[in-house]
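Participant: Model the full assembly from the supplied sequences, consistent with the hints where possible.
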Amino acid sequence: VKIAVCVKNVPDATVHKKIDPQTKRLDRSGEGALNPTDLNAVEEAIRIREAQGGEVVLVSMGLPKAVDALRKALAMGADRAVLVSDEGAAGSDLVATSRVLAKALERETPDLVLFGQASSDGDGAVLWAAVADRLRRPVLSQVAELTIEGEAAKGKRQTEHGYDTISAPLPAIVAVSDAINEPRYPSLKGIMGAKSKPQETLSLTDLGLEGDAGEPGSRTTVLELGPPPSRGDSVKIEDDGSAAEKILAYVTERRLL
Amino acid sequence: VRFLVFLEHHEGQLEKGGLGVLSKAASLGDAEGVVLGAGAAEAAARAGAFGAAKVYACEDEALASPLPQPRIDALASLVEKTGAEAVLFGASVLAADVAAGLAARLEAGLNWDLVDLEVADGELVGKRPALSDTVLVDVGWSDSPRLALVRSGALDPAESGGSAEVETFEATFSEFSTLATLVDQTQEESSGPSIEDADVIVAGGRGLGSPEAFSLLEELAAALGGAVAATRAVVDAGWYPYATQVGQTGKTVAPKLYIACGISGAIQHKVGMQGSGTIVAINKDANAPIFDFCDLGIVGDLHQVVPKLTELVRARG
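These protein sequence lines are chains A and B, in that order.
Going by my numbering, the first sequence opens with residue 1, and the numbers climb by one from there.
Going by my numbering, the second sequence opens with residue 1001, and the numbers climb by one from there.
It should be emphasised that the hints constitute simulated quantities derived from the structure, not laboratory data.
Take these hints with a grain of salt, some might be off.
The calculated EDC-like cross-link candidates involving lysine to aspartate or glutamate, where the alpha carbons are at most 16 Å apart (straight line), are [unchecked claim]:
id, chain 1, residue 1, chain 2, residue 2
1, A, K246, B, D1301
2, A, K156, B, D1197
3, A, K236, B, D1285
4, B, K1256, B, D1197
Facilitator: As structure tokens, then:
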């Protein structure tokens, strides 16, 4: 099974995130890390390869320094990495990013494309369905249990109403939730080996997408930044034995029951 | 602005999320709705009361299962037919995939995780919280159609009492759109409302001390007609089901009343519940961060306060 895992470099969880007032976009200048749920996708890909053979290719789009984050996934056991990095891709929204990723994936012709369901920087959180539409292949999202049987992917997922099991023929696009597995830590051997694994960097020109990404290729705009609405005054009291009465009085007064 | 609102239905009822978005759209411009799948036409008629002048319905067999790709086909043809300027969705597992796929299909801009929409100088503007909701970003679109996915629970349905004309339509489906199939479905057993639908949520965290203490919350929730939710920490510890997890890696909820019991208020939990109408927090630790963003904070022992509150609510009848 040839598996492509779409991963993303996000600001490290320990970095204080801020928005660049000039571009009104997330400031990505600090320390980066692999998006946490992407680790679940990488882990799942490695498990499938361990059971059935094949290859795990990382596909990413981002700043040149994203190679550091990719190296961690290579250390976990992915075979090689492809990074699309181009100044012309900065500020890409969903339509533009999905266009770039779909083109990069077309070059690889994988049997299975995996995404991590949630993105900790809030961007790209719904990419898989857009990529699936561009590749004209079936999509399964929110998958908490995945099996690859012969020529089909079968995924179990949780919805608002219960559990659905969905089957689709390969090639298919699957977004996994963080409930699917526990990502492994890279071994020392894996970390040493990661440095010599093949890494390829592509430009938009390489993909034939010059001018089709970044702001010219996007359809959404960021207008203004402001403070969120305040919650108003809050009341804090020590329980003197009458807290339950006070809660009831408070919520009754506000007609919440 | 001419809006088309995607309305989901379950067991004959239109979902609250879509209706909240519809009410908002009706207050900003001309709102039409669309309902897809078995029973769509019957459910569609009820959208009139929430401000839709017209609701499109398609009951094609390809739309029987709750899968996104046939819905993208149906919506793409409907947007072309009606010339809708904006297509709005209330966030759900299904709606997120439909919205993103439609964006790619139509090469249209999609803004998501919005908590509100407004029209300023004739232009649609979305309100999107960022950086763990410490910043509110105004977002826009450079072109029509404008696609928007609204955070679940952010907008309340408002009944206006109108009626809608229902028009059924035919859709054609791409071959790849019908490749995925639903092979099994199990409904969740639950005695009360789900945490997405509940007006009242009683939530528990580490401060409960043991999984058994969740029974205190269940009793309070039952008395209030609400649902029980949990933090990531206790779900990870196996104290309560994953389906009830609220927060960054769980669900986002916005009930009218959220009672947080033994929850410190870590950022990962906060982002999932701070849209709630009123937040009441009970915690032994007076320095817990939750006291910075609740409306009523009780510094005390939940094991004392919660059972007493349950009794009082029951006595109230």
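Participant: Look at each hint and say if it fits the structure.
Facilitator: Verification of the supplied hints:
no.: 1; hint: A:K246 / B:D1301; in the structure: holds (14 Å)
no.: 2; hint: A:K156 / B:D1197; in the structure: violated (23 Å)
no.: 3; hint: A:K236 / B:D1285; in the structure: holds (12 Å)
no.: 4; hint: B:K1256 / B:D1197; in the structure: holds (10 Å)
When the structure is compared with the earlier hints, a violation turns up for hint 2 alone.
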